[in-house]
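Undergrad: Chain residues, written in single-letter form:
Number of protein chains: 2
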Amino acid sequence: MTATPRKRIYLAGPDVFLPNAIEIAKAKQEICFWREFTGVSPSDNQLSLDKGSPFAAGLLIYEQNIKLMNSCDLIVANMTPFRGPSMDVGTAFELGYMAAQSKPLFGYSNDGRFYTDRVIDSGGGRDPEGLTIESFGMHDNLMLEGAISSSGGFFKTQRIASMEKHYYTDLTMFEEIIKIITELM
Amino acid sequence: MTATPRKRIYLAGPDVFLPNAIEIAKAKQEICFWREFTGVSPSDNQLSLDKGSPFAAGLLIYEQNIKLMNSCDLIVANMTPFRGPSMDVGTAFELGYMAAQSKPLFGYSNDGRFYTDRVIDSGGGRDPEGLTIESFGMHDNLMLEGAISSSGGFFKTQRIASMEKHYYTDLTMFEEIIKIITELM
Numbered sequence: 001m002t003a004t005p006r007k008r009i010y011l012a013g014p015d016v017f018l019p020n021a022i023e024i025a026k027a028k029q030e031i032c033f034w035r036e037f038t039g040v041s042p043s044d045n046q047l048s049l050d051k052g053s054p055f056a057a058g059l060l061i062y063e064q065n066i067k068l069m070n071s072c073d074l075i076v077a078n079m080t081p082f083r084g085p086s087m088d089v090g091t092a093f094e095l096g097y098m099a100a101q102s103k104p105l106f107g108y109s110n111d112g113r114f115y116t117d118r119v120i121d122s123g124g125g126r127d128p129e130g131l132t133i134e135s136f137g138m139h140d141n142l143m144l145e146g147a148i149s150s151s152g153g154f155f156k157t158q159r160i161a162s163m164e165k166h167y168y169t170d171l172t173m174f175e176e177i178i179k180i181i182t183e184l185m
Numbered sequence: 001m002t003a004t005p006r007k008r009i010y011l012a013g014p015d016v017f018l019p020n021a022i023e024i025a026k027a028k029q030e031i032c033f034w035r036e037f038t039g040v041s042p043s044d045n046q047l048s049l050d051k052g053s054p055f056a057a058g059l060l061i062y063e064q065n066i067k068l069m070n071s072c073d074l075i076v077a078n079m080t081p082f083r084g085p086s087m088d089v090g091t092a093f094e095l096g097y098m099a100a101q102s103k104p105l106f107g108y109s110n111d112g113r114f115y116t117d118r119v120i121d122s123g124g125g126r127d128p129e130g131l132t133i134e135s136f137g138m139h140d141n142l143m144l145e146g147a148i149s150s151s152g153g154f155f156k157t158q159r160i161a162s163m164e165k166h167y168y169t170d171l172t173m174f175e176e177i178i179k180i181i182t183e184l185m
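Order-wise, the sequence lines are chains A and B.
1 is the number of the first residue of the first sequence in this note's numbering; add one for each residue after it.
1 is the number of the first residue of the second sequence in this note's numbering; add one for each residue after it.
Each hint should be verified, as a subset may be incorrect.
Which copy? The list can't say, so a pair holds if one copy fits it or any two copies do.
Calculated pairs, BS3-like style, for lysine-lysine (alpha carbon to alpha carbon, straight line, at most 30 angstroms) [stated by the list, open to error]:
#  : residue 1 : residue 2
1  : K165      : K103
2  : K179      : K103
3  : K7        : K103
4  : K103      : K67
5  : K156      : K51
6  : K67       : K7
7  : K67       : K51
8  : K179      : K7
9  : K26       : K67
10 : K51       : K7
11 : K67       : K156
12 : K165      : K67
13 : K179      : K156
14 : K165      : K179
15 : K7        : K26
No lab work stands behind these hints, which were simulated from the structure alone.
For clarity, every value in this text was computed on a predicted model and none was experimentally measured.
Between the sequences and the hints, there should be enough to build the whole structure, so can you do that?
TA: Spelled out as structure tokens, the structure:
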């Protein structure tokens, strides 16, 4: 009898910028473990970044994250808005990277509102600078939720106010997504 | 004698949200044409979106953009900050998508500052919410400039104040990038 190898899930999100980044990564990995997945976090990287320029260090982290993504079967992204009405751009990049590899994409957000409802409308569906506000009944730019839907994945949201302490860290939606993946695979 | 087919460049950016999106796309395509490239813009999509839900329309646009990207040899992204300190998330997704296909990535920004200098530092390299501010001598999240550098591409910036009318539309950096690509290919 051969054990089926556990599917590897890339844990993407602005979680890496949290003061308790390691703790959150571990909590996510535990949830994955209970459901018989391996959670893979950019916080797992063991890099010595003390040599070379800051740019070289950034490039090294990039290359390590690419290796981690290549080793994973699917991605679960924290798409909670980050420093503006949209999600973290590094995480958006990672969704695109996994989409091109035809891997299933999953995401969650702790801001349940549609994108249209997060950007100030100065009239006619345009922002104060006159730029069009997307309005497709999606929670962010259509390339993101479009990609998730097209990959056969799922996107879950709940509404936590952004001033709440657990806005970035609440894992209720993350747990739901992992449960859904268990049922699908 | 067989003519070499022109390389196809995917023109990514928040340009699609500009009031004069079509005009800007045409201006970029002309610059590409002079240098013997074909500029491919999401604005070229001829879709009938009047049937179905807004979500279905968004999904259709997603699928068309994916087809356009698959048909292109490289990408040039407008990475000027959009509604916050970072670039447009749809464009970030597209950079990730092209990176996974091992295509060369190029980008430009009309905001020449490093990311660190665009986010308010409340002390210790953290923002007012206590989240770490990346500091790698890069202009945005390391996944973006890391990907460009790693692909052998180039990133060019100039500094235009965001209140200036030509913040999103100035094509000086775009022209420089196209010139660089001409020299490389």
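Undergrad: How do K165 and K67 come out at 30 angstroms by Cα distance, when the copy is not named: within, between, both, or neither?
TA: neither (32 angstroms within a copy, 41 angstroms between copies)
Undergrad: Since the copies are identical, ignore which copy is meant and state whether K7 and K26 lie within 30 angstroms (CA to CA) inside a copy, between copies, both or neither.
TA: within (17 angstroms within a copy, 45 angstroms between copies)
Undergrad: I want to check one pair: K165 and K179. Are their C-alpha atoms no more than 30 angstroms apart within a copy, between two copies, both, or neither?
TA: Result: close within a single copy only, 25 angstroms intra versus 48 angstroms inter.
Undergrad: At most 30 angstroms between alpha carbons: which applies to K179 and K7, within, between, both or neither?
TA: This pair counts as within: shortest intra-copy Cα distance 14 angstroms, inter-copy 45 angstroms.
Undergrad: Using 30 angstroms as the alpha carbon limit, work out where K26 and K67 are close: within a copy, between copies, both or neither.
TA: within (20 angstroms within a copy, 38 angstroms between copies)
Undergrad: Classify it for me, K67 with K7: is the Cα-Cα distance of at most 30 angstroms met within a copy, between copies, both or neither?
TA: both (16 angstroms within a copy, 29 angstroms between copies)
Undergrad: Treating 30 angstroms as the Cα threshold, decide for K179 and K103: within, between, both or neither.
TA: within (18 angstroms within a copy, 35 angstroms between copies)
Undergrad: Checking an output row: K67 and K51, CA cutoff 30 angstroms. Within, between, both or neither?
TA: within (21 angstroms within a copy, 42 angstroms between copies)
Undergrad: Between the shortest in-copy and the shortest cross-copy C-alpha distance, which are at most 30 angstroms for K179 and K156: within, between, both, or neither?
TA: within (12 angstroms within a copy, 44 angstroms between copies)
Undergrad: Tell me, please, which holds for K103 and K67 at an alpha-carbon limit of 30 angstroms: within, between, both or neither?
TA: Both: 15 angstroms inside a chain and 17 angstroms across chains, each within 30 angstroms.
Undergrad: Reference check for the pair K156 and K51, CA-CA at most 30 angstroms: within, between, both, or neither?
TA: between (41 angstroms within a copy, 26 angstroms between copies)
Undergrad: Are the CA atoms of K51 and K7 at most 30 angstroms apart within a copy, between copies, both, or neither?
TA: neither (34 angstroms within a copy, 39 angstroms between copies)
Hint compliance for this structure: hints 1, 10 and 12 are broken, all remaining hints hold.
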